[in-house]
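J.: Chains as they are written, first to last, in the working numbering: chain R, 1 to 654; chain B, 1001 to 1099; chain P, 2001 to 2280; chain X, 3001 to 3523.
It should be emphasised that the hints constitute simulated quantities derived from the structure, not laboratory data. Cβ coordinates follow ideal geometry from the N, Cα and C atoms, glycine included. Where hints are given, some of them may not hold.
[Unchecked claim] From the structure, some residues in chain R lie toward chain X, with a derived Cβ separation under 10 Å:
hint: 1; residue: W67
hint: 2; residue: S68
hint: 3; residue: W69
hint: 4; residue: L131
hint: 5; residue: Y142
hint: 6; residue: G214
hint: 7; residue: E217
hint: 8; residue: L603
hint: 9; residue: F629
hint: 10; residue: A630
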Amino acid sequence: MENLIALLIAAPLLGAAVLLTGGRRLDAVGHWIGTLLAGASFVFGAILFADLLGKDAEHRTLTQHLWSWIPVEGFQADVTFRLDQLSMTFVLLITGVGSLIHLYSIGYMEHDERRRRFFGYLNLFLAAMLLLVLADNYLLLYVGWEGVGLASYLLIGFWQHKPSAATAAKKAFLVNRVGDMGLSIAIMLMFTTFGTFAFGPVLGSHEKPGLVTGASEATLTGIALMLLLAACGKSAQVPLQSWLGDAMEGPTPVSALIHAATMVTAGVYLIVRSANIFNLAPDAQLVVTVVGAVTLLFGAIVGCAKDDIKKALAGSTMSQIGYMVLAAGLGPIGYVFAIMHLVTHGFFKAGLFLGAGSVMHGMNDEVDMRKYGGLRKYMPVTFVTFGLGYLAIIGFPGLSGFFSKDKIIEAAFAKGGTEGWILGACALLGAAITAFYMTRVMLMTFFGEERWRRSETPSPAEPSVEPAAETHGEHAEPHPHESPRSMTIPMIVLAFGSVFAGGFFSIGDRFLHWLEPVTGHSHGDAPISAATVTAATVTVMVVGVTIAWLQYGRRPVPVVAPRGSLLTRAARRDLLQDDFNHVVLVRGGEHLTRSLVYVDHTLVDGVVNGTAASVGGLSGRMRKLQNGFARSYAVSMFGGAAILVAATLLMRAV
Amino acid sequence: MNPVNYLYLAALLFTIGATGVLIRRNAIVVFMCIELMLNACNLAFVAFSRMHGNLDGQIIAFFTMVVAAAEVVVGLAIIVSLFRSRHSASVDDASLMKL
Amino acid sequence: MSAPLQLAASTTSTGEAFQFWVLGTVAVIGALCTVFMKKAVHSALCLAGTMIILAVFYLANGAYFLGVVQIVVYTGAIMMLFLFVVMLVGVTAADSLKETIKGQRWLALLCGVGFGVLLLAGLGNASLHQFNGLGQANSGGNVEGLATLIFTKYVFAFEITGALLITAAVGAMVLTHRERTERALTQRELAEKRVREGKHVPPLPAPGVYARHNAVDIAGLLPDGTPSELTVSKTLRDRGQIRDVSTEALNDLKALEQRAEERLERTEIEPATFKREASK
Amino acid sequence: MSFPLLTATAVLPAVGAIATAAVPAARRTAAKWLALLVSLATLALAITVLVRFDPDGARYQLTESHAWIADFGVRYELGVDGIGVALLALTALLIPFIILAGWHDADPLETGSRRWRPTQGFFALILAVEAMVIISFEATDVFLFYIFFEAMLIPMYFLIGGFGDRAHAGSDENAAAQRSYAAVKFLLYNLVGGLIMLAAVIGLYVVAGNFSLQEIAEARANGTLDMATNTERWLFLGFFFAFAVKAPLWPLHTWLPNAMGEATAPVAVLITAVVDKVGTFAMLRFCLQLFPEASKWATPAILVLALISIVYGALLAVGQRDIKRLVAYASISHFGFIIMGIFAMTSQGQSGATLYMVNHGISTAALMLVAGFLISRRGSRLIADYGGVQKVAPVLAGTFLIGGLATLSLPGLAPFVSEFLVLVGTFARYPVIGIIATFGIVLAALYTLVLYQRTMTGPVKPEVSAMPDLRMRELVVVAPLVVLLIFLGVYPKPVTDIVNPAVKSTMSDVHKKDPKPEVEAAK
């Protein structure tokens, strides 16, 4: 049964290899190959899942050793896979949502002549992501970690002919590299501290931790913070969140799969996986929670201001992941809920993105919500599925988001002490804002009058990003229509997930019991009862919705974005984070390199050339002595002879 | 008188010859100066052989003469062909030794 | 003769001393003249003189064989060779003693004087006062003594020297001999060539002016009285040994015309004045 | 005695060089094929060496030893340890690709002239370089090594100065001037280094009495030969300087960008992937074995210089406008990593460094050769002249991207393994330096991706719109390299198995042990 684990990865990897090297002759069937292999991977996952369910909780960890990867003296890295409940959860999420999105992409990318390569990249991503969650040591995890980075780079920049896309891809990769730096430093620290970086020896299980117990808290804090840096990079947490918004340059399925459902949650996986390290480093945990809290507010605020539907959703993704990180930072209280929210979020956020994609599909790839409106009667399926996802994310009682988010907020309060209160308050506030901006999106898109009819209006402040926007349909009036079956089916499935997943997990704490053996769980001392928290959550949600309705539901939405308050304008510019990067890093870097090039040319090289020149000048002067007249040479010879005679005489004399 | 004076004389002649080599431009004259130097050496050898009371010095002088003869023959031949090629016997005209 | 007896002593007879001082002075003067004479011929002659004196000194030192060889080989053969070459290059050519290379002369003199001083000082320091003359060395006769040494001790050097001489002779021939690469042109071909090139078809004019001079080194004069290079042989031209008589020829011409005028009393005719103008 | 396999590996290309040079002017293609076949035969020999080599056997194997200059104790001694074998194989592997890639680089612009035969010369010179590099990897006699270490410069000089890149900025004579400048600069830098090394070699002879690496190393190890501290340090510096110039280490690096920029892409690969490796290899073999104490004494300074090279080279690569110069500065950064790994004095660091030499050779070859194909199509080295190539030549762009990703050492590709080993090895002993060096991976991503973005993506420039994709010959050159990159990234064990024992013995030469982890594994 263990051997299936390798097949999980092998299937999409094979797909990637075939599709990327296959050449044009595969154009016709490429997308089917990709989808089938993704599906195959999902099937393997399902089989393994069934197998795990068959075992009892203690023996639900399968490992498969393939070969010794980098053996150097003490440094032993193996290619070994580890499938336990945690990775299993991810495997199902990745392959499941992944397969659906493959299916969706068949319709979405229909008119793209490079569709085969698109599917190749998607498969590559699946393989890398599975490697990430199945790796048994941090170095192998690193491979998957950068692999998904590469895939996301390729997919964000899929429409390479657009400079904006290429730049966004580069930005994403670079910011992630900063995070990767953290990961590699963490691995180095582990190696020097423990002499190994495999999960088993280092972490152990939650009831009997491994080598970590022997290390000093300072070291562990260092490792933990480095891991957090990596997580920030991958999961777009403050301060490394700037790339996620630009990443929306990629095709919508990519945004749905990579930048909403799976890859961006890798950071959370990393933290939860390293639970035993974080448990022993409370300071690091505090930092994690702070980062989570800050990001969830940051993302939410950004999400409120964006008129680009995908960017609004990106902000929301950021903030939802903020929730997860916050939960993960809470320690054993929150690990399970972090993962649970991660899964439910995977469903509804993917659904929302697919919905957004379907809307754009029908609206000539227009992304500006101010040019939408009243679309519900034109694309009913999209409306319903999107609406369900919406209800799920704002935490409407009974839907997935409600359960997971509510649990996180409880856990935040349960952290206890002042920080417990602060974090809880942040989480609640975030919930309110979430309700606000999601309602805004909903209203601007599906309700109100049909603003897209007046398409001769000047193009809005937010530049439209999809490629077709430049090519066609800039002034042609769009004809909203429902998307083809291949696109609607995945949306429906995901909608189901976003409605029922949460409930299914929470009834009898199924999810908790499933995951507890890996992460461990403890009920904190909640200062206030769960019921109170739930009530509070619902109320803030209602408040948020009503405010949004008052602003966008009652009054007509202006097509041209109003100037807005200072905060709004800042939020439109991602709270000036990019400007900061631009001024400090980009400009500074350019000047640094310029000056260094100059220095290299003048100083380092100049010294050498200067020496050469001086030698040349000297010899030029010397050669004047060589006037070529035999007689003057004779004089020098004679003089030399005289000197020799003198020398000999002197020697004699002495 | 002390026969050492012969040696002084030889030294004097040698110096004069050497100086001549340095200051004359005409190749032939330069050559003569060289001969002068050789003769000075010969005189020294002869004087030395008298001093040591054996004939080796004279032998050396003799060989010197022979070699000098050979050298003169070749040297003069060179001068002649030089003169043919550039219509001058000046040493300075052959200043091609610099770049 | 009683040379051996004298030679044994570490001081010489007054006769030899006298001879040394007189001839030595002459030798030095000759050497100096060799260096400072303007004309190569004179230098050669002075050098020959010096060599003869040296030969005498050899004899005085008991090197009878060398003395003779010195006269025969050096003064007789080598110096004559020099003179031949000098003739070849140009007897009358006097090269200026003006120094062209800056500082050369002073450096040369400095080095020379310094070197001389060093040598003399060296000799002065060296303890050379103990002379055990050539008495028994020359007892069997100087030539025999040399012969024994040459053919026993120095036989190899001797043979090699012979080889050297042969080589030198061959080398001299190779150097001076000019290989004729292409066939010499026949007279007809030369004539045709001249016609083809169209320059100076008739034979070159003879030297000499109005048959008053017929020396080869005097350029013939053109009708206007200027000398024509063509009339003098190339070698002389190269050596610059051309005597120019154009001026006196012109004066003669003027005198002749004057006499003619006086005889014919043509004073008022324009051309005469014109000629007078021209003659000035 | 058995068949002198090592000598054969060196002699074969040498003979091939002469034969190639002797091919008559008209038969240009014949010369090319001859050179290619010879290089392939050499590769076969190298592979046999690799097979015959037993990682767990004696340290130096396949040794040959003959008296050469008896008076000075100079012997003709060959022998390979794991490190030598690895690099030997790399060299023999790369040369055929270099030849194939440079197939048309030396075709005479004007045909018909009988005497002028550049093609023959070009390939003959390449083979000559191969022969010299191989023998300097094999030599275990210091003097023998020195001779070929220096002789290498002559063919390289002609390759750089004589067969410049046809795609240059500016007029012909301008290009010629730059080319000769680059060639002379290359020659002078390395000659200076070589001279100082010669002095050190003589000094070593004076101290040790012979040139045999093994004897001296043994004598040093068992203490029968003890040098005065200062003597050892001076000798060490003499050797190290030469190697640092060749390798190039900051601030002795400025010859590399000129040379790589002006030379044709295959020659550039020859420089950075093959010839420069001799420098780093020699540090590992001679500096550490002959002067262990001095090496330890100099380690901090060298590490700092290496660190500067890493960051500095990467930053300058970001600032370049010329594709080939960019790759050159990237190589400087990578050589910084290699040297850092060598002098970290940990088995991870040194194995990583050796692995790095191999991987860097392959990855740079891939990137540079593809860049060369690109440049030969457009006729310009300036990044600004390209754009949107990905659209017209996807395969070229793809291979270029893979080469770039290898350069930024993406996990899963070969360079990652070595780079991470070097980092870990350094970090284990010098945490701060290790952490700063880790910035290098961000900068590497920066210059690679900027290069890719500017050249390959964005709207298609009119000049490149008609650019053809990779031809068969070029694909044959690139594909194996790419495969090798992926294979060694996933399964580097074959190389590490060969290298590890040699590194272990080197470690024992310098009397160093890996630092123990703070927390002992409970097993």
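J.: Against chain X, with CB atoms and a cut of 10 Å, does the hint on W69(R) hold up?
T.: 7 Å, holds
J.: Report holds or violated for the interface hint on G214(R), using the least CB-CB distance to chain X and a cut-off of 10 Å.
T.: 4 Å, holds
J.: Have a go at the L603(R) hint: is there a Cβ in chain X nearer than 10 Å to its own Cβ?
T.: 9 Å, holds
J.: Answer holds if the nearest beta-carbon of chain X is closer than 10 Å to that of L131(R); otherwise answer violated.
T.: 9 Å, holds
J.: With a cut-off of 10 Å, does the beta carbon of E217(R) approach a beta carbon of chain X closely enough for the hint to hold?
T.: 13 Å, violated
J.: Close enough to count: is the Cβ of Y142(R) nearer than 10 Å to one in chain X?
T.: 6 Å, holds
J.: Should the interface hint for W67(R) be scored as holding, given a Cβ-Cβ cut-off of 10 Å against chain X?
T.: 7 Å, holds
J.: Is the interface hint satisfied for F629(R)? The criterion is a beta-carbon contact with chain X at less than 10 Å.
T.: 32 Å, violated
J.: With chain X as the partner, please determine if S68(R) meets the hint condition of a C-beta pair closer than 10 Å.
T.: 6 Å, holds
J.: Does A630(R) pass the interface hint, meaning its C-beta sits closer than 10 Å to a C-beta of chain X?
T.: It is violated, given that the least Cβ distance between A630(R) and chain X is near 33 Å, above 10 Å.
Comparing the model with each earlier hint shows violations of hints 7, 9, 10; every other hint is respected.
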